[in-house]
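Order-wise, the sequence lines are chains H and W.
Per the working numbering, the first sequence runs over residues 1 to 273.
Per the working numbering, the second sequence runs over residues 1001 to 1272.
Hints may be right or wrong, so weigh each one.
No farther apart than 30 angstroms at their CA atoms in a straight line, the calculated lysine-lysine pairs in the DSS-like style are these [to be verified]: (1) Lys243(H) / Lys1250(W); (2) Lys1206(W) / Lys207(H); (3) Lys254(H) / Lys207(H); (4) Lys1260(W) / Lys243(H); (5) Lys1206(W) / Lys1260(W); (6) Lys254(H) / Lys266(H).
Everything labelled a hint here was simulated from the structure, so no lab data went into it.
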Amino acid sequence: MSGSQIAIEPEFYPIERLLIVGPLADAGPLADRAQAAGHHATLLVPDEEIAAAHEWGKGHRVLLEGEAVGEDDFDLVVELHCTDLAAKAEALLYLEDALAENVPILTLTLAVSTGELAREMLIPERVVGFSLLPPLGDSALAELMPTPHTSGDAVGAAKRLFESLGIATAQVGDSPGGVLARTVCCLVNECALAVQEKIASAEDIDKALRLAENYPYGPLTWGDRIGLDRVLAVMEGLFAEYKEERYRPAANLKQLVRVGHSGMAKGQGFFGY
Amino acid sequence: MNSMTFERITVFGAGTMGVGIAQVCAAAGARVTVCDVSPEAVKRAQKTLDAEFKGRIEFCSSLLETAEADLVIEAVSERMEIKQDLFSRLDSHLPPTTVLATNTGTLSVTAIAAKTRFPERVCGLHFFNPPMQTRLVEVVKARQTDGGVADRCAAFVRELEREPILAQDTPGFVVTRCSRPFLNEALHCLDSGVADLRTIDEILRKGGFPEGPFEQMDRTGLDAVYATTRALWEGFFHEPRFRPHLILRKLVEAGYLGRKTGRGFYEHRDVG
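Generate the whole structure from the sequences, applying the supplied hints.
And the structure:
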């Protein structure tokens, strides 16, 4: 499968009015990027985050609790649930029902394949999975993962949207986490195992890989930036998909997530912030 | 020059790594002797090193001439029986206070130390290729290594203007082990049809890595990558996540070893 063969007609499908759905930590930064690129972004966040979404402060429209999505209100939807797959399934079913059937639904497939999500949907043609490595404010590359059912228009709209946000795209086979998130999360997991086995300190492990391999971040710091809850979700998604021992999440990773120490955004992960 | 933790260094083994380690030590002001049982290897090393360090590095081809060293760094070929034999002979020639370090990247420092009478002075000092360009050195603590010896080795690494990290003696230590998913997952992505190799390399470069995994393997040499992965897998009792990939083995069997043979994962028309 190659990244460069998507035929798109430049202005075929409008991508101006965006509905961005998901937890504020991901939806907020993406809405900021969309706004900066000249799109109209509307946020649909979990009820308990509505107040915080109003505070987010870049003048985004925020849907109120119980406020319905009109079927012609949006050109494109980006759905960003990652760690809570039940919430993801629920959001997708709601969106499918609420929106006109030609509106493409882009859904984050860090922890699950597009096919798995589209299986439950009435119109799988409009579903495009994509993998974007958090934090979404920094992501420079989106891997698009259409299924055999996904329409060319939907893929084209996804590609144009990301490129308009300054995010390069590549098309890859449908798999949890694509190439980049899978690779980075497996590195984080291996380093977590090394910490657990007391091979070296977390600081030394990160220093070693930065200096010897020239990685942009030490993997444990990288995991803290991504969010350890998301790293864990990617590993669990890979384990569920392939049933291979190599994707078994490290116990200390699970323990950190369980006590809320899921990284930089929470002030504590492998390191304190 | 302030005094160094170890003043007189003998580097045993005059191959690429030995020569590189000698350069790093000499550049920091240590008194270095390069020793190899092969007079030809010594001659070649002398030719390389004299350009920059003429008169400042000594050469020898007999173990007996290492008696003056404060630290011996072994960088002979990566075979357990050769290293054990050398350490056992160094152990009987040198005073028990001389620190004996091995540059092994994949073998057990503990098993090497076990062949000496004073194993507490044996330590791993894992330099990376090329030593002059890499800032990291892994200080590896075997089961028998005295804490003070490891600390002095770490201090010495800092005096070499390198960054030490302290690792326990387990297969692949930190770097070789913890970086393995970068290469292994690329092979799994390839064989499960997630993407082709050019796309995988491009995605990972755009994701912030300095080079793609297939480019890296072609540069390093597929035979070396295969041998290292295999040693790691065997060292961890065939732990499935370290299992070498069949694609890698087939390329090695075919003699497609990367840049050095003109073909590996990619064709390299400019070389070979």
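Each hint tested on the structure:
Simply put, Lys243(H) and Lys1250(W) have alpha-carbon atoms about 25 angstroms apart, close enough for the 30 angstroms limit, and the pair holds. Of the supplied pair hints, the one linking Lys1206(W) and Lys207(H) holds, its CA atoms being roughly 22 angstroms apart against a limit of 30 angstroms. For the hint pairing Lys254(H) with Lys207(H), the CA-to-CA distance comes to about 23 angstroms; that is within 30 angstroms, so the pair holds. Straight-line distance between C-alpha atoms of Lys1260(W) and Lys243(H) comes to about 37 angstroms, which puts the hinted pair past the 30 angstroms bound.
At most 30 angstroms may separate the alpha-carbon atoms for a hinted pair to count; Lys1206(W) and Lys1260(W) meet this at roughly 26 angstroms. About 15 angstroms separates the Cα atoms of Lys254(H) and Lys266(H), which keeps this hinted pair within 30 angstroms; it holds.
The structure fails hint 4 only (numbered hints given earlier).
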